[in-house]
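There are 2 protein chains.
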Amino acid sequence: MKNIFASIITIGDELLIGQVIDTNSAWLAQELNKMGIKIKHRIAVGDIWEDIWNALDEESKNADIILITGGLGPTSDDITKPLLCQYFNGKMIVHQPTLAFITDLFEKVLNRPMIERNKKQAEVPDTCTVLPNEKGTAPGMLFEKNGKLFISMPGVPHEMKWIFSHQASSIITQKYNSGYIEHRTLLTAGIGESFLAEKLIPFEQQIPSHIKLAYLPNFGMVRLRLSAFSIHKEKIAEEIIYQFNLLKQYVNDFLVIDDDLPLEAVVGKLLLKQQKTIATAESCTGGYIAHLITSIPGSSNYFKGSIVSYDNSIKNNLLNVSNETLNNNGAVSKETVTQMANNIAKIMQTDYAIAVSGIMGPAGGTEEKPVGTVWIAVTNNVTTITKQFNFRFDRIRNMQLTAINALNLVRQLIVDNS
Amino acid sequence: MKNIFASIITIGDELLIGQVIDTNSAWLAQELNKMGIKIKHRIAVGDIWEDIWNALDEESKNADIILITGGLGPTSDDITKPLLCQYFNGKMIVHQPTLAFITDLFEKVLNRPMIERNKKQAEVPDTCTVLPNEKGTAPGMLFEKNGKLFISMPGVPHEMKWIFSHQASSIITQKYNSGYIEHRTLLTAGIGESFLAEKLIPFEQQIPSHIKLAYLPNFGMVRLRLSAFSIHKEKIAEEIIYQFNLLKQYVNDFLVIDDDLPLEAVVGKLLLKQQKTIATAESCTGGYIAHLITSIPGSSNYFKGSIVSYDNSIKNNLLNVSNETLNNNGAVSKETVTQMANNIAKIMQTDYAIAVSGIMGPAGGTEEKPVGTVWIAVTNNVTTITKQFNFRFDRIRNMQLTAINALNLVRQLIVDNS
Numbered sequence: 001m002k003n004i005f006a007s008i009i010t011i012g013d014e015l016l017i018g019q020v021i022d023t024n025s026a027w028l029a030q031e032l033n034k035m036g037i038k039i040k041h042r043i044a045v046g047d048i049w050e051d052i053w054n055a056l057d058e059e060s061k062n063a064d065i066i067l068i069t070g071g072l073g074p075t076s077d078d079i080t081k082p083l084l085c086q087y088f089n090g091k092m093i094v095h096q097p098t099l100a101f102i103t104d105l106f107e108k109v110l111n112r113p114m115i116e117r118n119k120k121q122a123e124v125p126d127t128c129t130v131l132p133n134e135k136g137t138a139p140g141m142l143f144e145k146n147g148k149l150f151i152s153m154p155g156v157p158h159e160m161k162w163i164f165s166h167q168a169s170s171i172i173t174q175k176y177n178s179g180y181i182e183h184r185t186l187l188t189a190g191i192g193e194s195f196l197a198e199k200l201i202p203f204e205q206q207i208p209s210h211i212k213l214a215y216l217p218n219f220g221m222v223r224l225r226l227s228a229f230s231i232h233k234e235k236i237a238e239e240i241i242y243q244f245n246l247l248k249q250y251v252n253d254f255l256v257i258d259d260d261l262p263l264e265a266v267v268g269k270l271l272l273k274q275q276k277t278i279a280t281a282e283s284c285t286g287g288y289i290a291h292l293i294t295s296i297p298g299s300s301n302y303f304k305g306s307i308v309s310y311d312n313s314i315k316n317n318l319l320n321v322s323n324e325t326l327n328n329n330g331a332v333s334k335e336t337v338t339q340m341a342n343n344i345a346k347i348m349q350t351d352y353a354i355a356v357s358g359i360m361g362p363a364g365g366t367e368e369k370p371v372g373t374v375w376i377a378v379t380n381n382v383t384t385i386t387k388q389f390n391f392r393f394d395r396i397r398n399m400q401l402t403a404i405n406a407l408n409l410v411r412q413l414i415v416d417n418s
Numbered sequence: 419m420k421n422i423f424a425s426i427i428t429i430g431d432e433l434l435i436g437q438v439i440d441t442n443s444a445w446l447a448q449e450l451n452k453m454g455i456k457i458k459h460r461i462a463v464g465d466i467w468e469d470i471w472n473a474l475d476e477e478s479k480n481a482d483i484i485l486i487t488g489g490l491g492p493t494s495d496d497i498t499k500p501l502l503c504q505y506f507n508g509k510m511i512v513h514q515p516t517l518a519f520i521t522d523l524f525e526k527v528l529n530r531p532m533i534e535r536n537k538k539q540a541e542v543p544d545t546c547t548v549l550p551n552e553k554g555t556a557p558g559m560l561f562e563k564n565g566k567l568f569i570s571m572p573g574v575p576h577e578m579k580w581i582f583s584h585q586a587s588s589i590i591t592q593k594y595n596s597g598y599i600e601h602r603t604l605l606t607a608g609i610g611e612s613f614l615a616e617k618l619i620p621f622e623q624q625i626p627s628h629i630k631l632a633y634l635p636n637f638g639m640v641r642l643r644l645s646a647f648s649i650h651k652e653k654i655a656e657e658i659i660y661q662f663n664l665l666k667q668y669v670n671d672f673l674v675i676d677d678d679l680p681l682e683a684v685v686g687k688l689l690l691k692q693q694k695t696i697a698t699a700e701s702c703t704g705g706y707i708a709h710l711i712t713s714i715p716g717s718s719n720y721f722k723g724s725i726v727s728y729d730n731s732i733k734n735n736l737l738n739v740s741n742e743t744l745n746n747n748g749a750v751s752k753e754t755v756t757q758m759a760n761n762i763a764k765i766m767q768t769d770y771a772i773a774v775s776g777i778m779g780p781a782g783g784t785e786e787k788p789v790g791t792v793w794i795a796v797t798n799n800v801t802t803i804t805k806q807f808n809f810r811f812d813r814i815r816n817m818q819l820t821a822i823n824a825l826n827l828v829r830q831l832i833v834d835n836s
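If you read the protein sequences in the order shown, they are chains L and Y. So the first sequence is numbered by my numbering: it starts at 1 and just counts up by one. So the second sequence is numbered by my numbering: it starts at 419 and just counts up by one.
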């Protein structure tokens with residue numbers, strides 16, 4: 001089987017000085033991967049003529065497909081288009097359909113006058129095939145040279161995604177029949193990466209060489225991914241199912257879900273199946289758990305709402321945590337989160353509830369309750385489970401760990417209930 | 419002035435298949451940038467011997483400093499350490515202080531027995547200088563070859579950050595006196611990138627060549643960044659202040675803040691200064707606005723809390739939106755968000771409040787109120803301002819745009835009040 005390789009070049013000073021986190025290339029990598037195309041490199045270069053030119057030279061040595069994002073804006077720091085024009089020996093011409101689209105966009109949607117600079121967006125090298133962009137003013141461009149595909153797209157994520165999904169992906173599929181790739185991913189909790197690896201020695205010894213096992217630890221949980229490559233679609237489909245079932249047996253005691261889903265989607269799936277509802281009462285996470293739950297489409301079927309009680313007065317007035325408890329045990333205590341969980345379930349009339357209270361830092365820690373101290377409670381209106389955690393990280397990571405652990409505790413409670 | 423260049427190599431299949439978004443290299447780029455070091459490339463490669471080797475060869479041609487993250491885990495897919503050992507002609511030895519640290523970590527913190535695989539983490543090539551890692555089991559490693567620095571760090575973000583901040587950065591500073599770099603960033607709202615560029619033609623014409631202007635559009639707002647490079651610290655400090663003040667005059671009508679802060683921090687700063695408080699009532703954003711506000715350290719000084727009313731019953735029971743309004747105007751309406759904003763301010767006794775209700779998609783749209791329809795209300799208990807938006811994106815981006823616009827509306831209200 002011939003491997004088809006792609007490289008992703010992202011262009012822009014903002015990537016190199018770290019002002020923007022590159023989410024485009026992760027998304028592109030996922031899409032290419034689904035198509036059975038391997039990624040050789042992901043490379044970020046600045047808005048510098050020579051560096052972009054060299055990256056094109058260099059990546060086209062190793063890859064069959066070169067995807068380029070960014071540098072297509074209307075301002076003077078964006079030099080990708082003139083560079084591509086020269087690189088592929090073209091001259092700039094106005095692409096009439098694009099000009100018509102931009103004119104229409106300004107007249108009918110943006111309700112702003114169009115200026116010369118916007119019209120420039122409709123200019124493209126005459127050596128490219130235009131990939132229309134329905135989501136913005138910079139069109140995508142396809143070039144071919146020495147049998148390799150070069151696809152340039154804007155850096156704005158939703159524009160890039162639209163062009164790739166609606167135009168570029170089918171062009172790539174037509175040109176390359178790149179074999180098949182299958183992934184299966186499962187999520188474990190409660191076991192470290194090293195211990196898992198120890199447990200999986202016999203499993204790893206028997207995997208065929210065209211199947212690969214990867215360990216992806218994050219937030220104290222480890223995701224395991226099996227990837228199989230072959231030109232025989234049926235063969236790998238069968239093999240990966242066999243291997244994945246075997247893997248599940250090895251990690252059975254620690255298995256959270258045998259799917260590549262975030263924990264908030266796992267909880268949502270369980271609730272949907274049981275036709276149950278949930279609410280959250282959040283102090284230290286400030287709405288982050290509710291945000292994770294509602295980031296899943298369809299969550300309105302099981303999520304009723306949240307009271308974010310950042311101030312203690314809200315814990316008392318709205319969540320009915322007694323002043324006695326707040327005064328005697330403090331806001332970060334087993335007693336407080338127990339009342340928060342039980343009361344939010346009653347207030348919002350839900351089957352399950354999550355409550356968290358903690359000290360996220362950098363300030364607010366005491367000797368008795370240092371930064372990172374967190375109490376979590378989950379309830380099903382009959383049983384309330386509480387657990388204390390001591391995280392040792394920065395504010396944002398402490399929030400993330402609190403949320404993940406709270407979701408995992410409620411997941412266990414829902415599973416135990418079913 | 420001699421430019422010092424660094425390249426960042428991130429290692430791991432999970433980066434190439436897009437399962438993990440690379441935040442490490444953005445963070446490293448920011449840190450290096452502050453030190454006056456330019457980034458030549460950021461490159462991601464898989465756990466493949468030849469690719470890592472070639473990346474080391476290639477990047478050391480162009481850069482003075484090569485930073486390497488990832489591939490140092492205890493499992494078999496992590497091959498960076500043996501590769502570095504061979505690349506720098508070393509042999510593996512046990513680093514006793516690291517072994518002692520790991521042993522201690524397992525005994526006292528993790529309370530788990532240590533296995534052979536964990537001990538392996540203490541092995542390092544004898545040609546490296548160990549950079550101890552207080553946050554995990556994989557130490558950092560420093561190599562020097564042909565006058566270039568190679569620094570290998572684990573891929574776990576908080577471990578990498580700790581090693582870089584506490585060990586690597588001072589090593590780099592000692593070796594390279596790389597001149598000075600100064601950035602000034604401001605945030606604009608209400609003007610597109612092309613129009614800004616048009617307005618700034620005369621400004622751009624007069625900037626000296628060692629100062630660069632960059633346009634960074636995001637969520638319908640444009641950040642402008644000036645960067646100045648020089649070996650003369652005083653000279654660029656003076657120049658950039660002059661140029662930045664000039665830039666501010668050009669964009670004065672659209673200026674949100676003359677600082678590189680996210681909008682939620684700008685709102686927080688204004689509230690702190692006025693000693694005022696805020697609360698949110700969120701439907702479609704599901705707690706995301708509260709999450710953004712509380713992601714800022716010290717937000718407990720001005721943020722009291724939130725009611726996330728995902729279910730309509732919560733809008734009625736807890737936020738006291740009248741059933742008449744909900745039935746006649748719907749949950750996504752001017753009338754509903756007005757009541758939500760006014761009532762949450764009363765319930766939480768705050769000076770300001772934000773309320774949002776909308777349809778984020780993919781489901782839930784109607785002909786009259788398609789996906790992306792959002793109503794936002796902000797109040798100061800005297801004036802309540804409402805605004806309708808129609809976003810055209812996916813669920814997550816619609817949520818982000820709702821949050822950003824809500825924060826900007828309340829910012830304007832706070833500014834107008836002061």
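Source of the hints: derived by calculation from the structure; they are not laboratory data. Computed from a predicted model, the values in this text were never measured in an experiment. Hints are supplied without guarantee of correctness; some may be wrong.
Derived SDA-like pairs (lysine to any residue); straight-line CA-CA distance at most 20 Å [unchecked claim]:
1) K108(L) x F613(Y)
2) K120(L) x E611(Y)
3) K119(L) x L614(Y)
4) K135(L) x I533(Y)
5) K120(L) x P635(Y)
6) K199(L) x K538(Y)
7) K553(Y) x R397(L)
8) K387(L) x E611(Y)
9) K805(Y) x V109(L)
10) K2(L) x N62(L)
11) K579(Y) x W53(L)
12) K479(Y) x K135(L)
13) K199(L) x I533(Y)
14) K387(L) x N529(Y)
Which chain Y residues face chain L? A few, computed with CB under 8 Å, are given here [claimed, not checked]:
15) Y505
16) G508
17) K509
18) N536
19) Y594
20) E611
All C-beta atoms in this analysis are idealised placements derived from N, C-alpha and C, irrespective of residue type, glycine included.
Do the hints match the structure? See the list:
no., hint, verdict
1, K108(L) x F613(Y), "holds (18 Å)"
2, K120(L) x E611(Y), "holds (14 Å)"
3, K119(L) x L614(Y), "holds (15 Å)"
4, K135(L) x I533(Y), "violated (54 Å)"
5, K120(L) x P635(Y), "holds (18 Å)"
6, K199(L) x K538(Y), "holds (17 Å)"
7, K553(Y) x R397(L), "holds (14 Å)"
8, K387(L) x E611(Y), "violated (50 Å)"
9, K805(Y) x V109(L), "holds (17 Å)"
10, K2(L) x N62(L), "holds (14 Å)"
11, K579(Y) x W53(L), "violated (32 Å)"
12, K479(Y) x K135(L), "violated (40 Å)"
13, K199(L) x I533(Y), "holds (12 Å)"
14, K387(L) x N529(Y), "holds (17 Å)"
15, Y505, "violated (18 Å)"
16, G508, "violated (24 Å)"
17, K509, "violated (24 Å)"
18, N536, "holds (5 Å)"
19, Y594, "violated (17 Å)"
20, E611, "holds (6 Å)"
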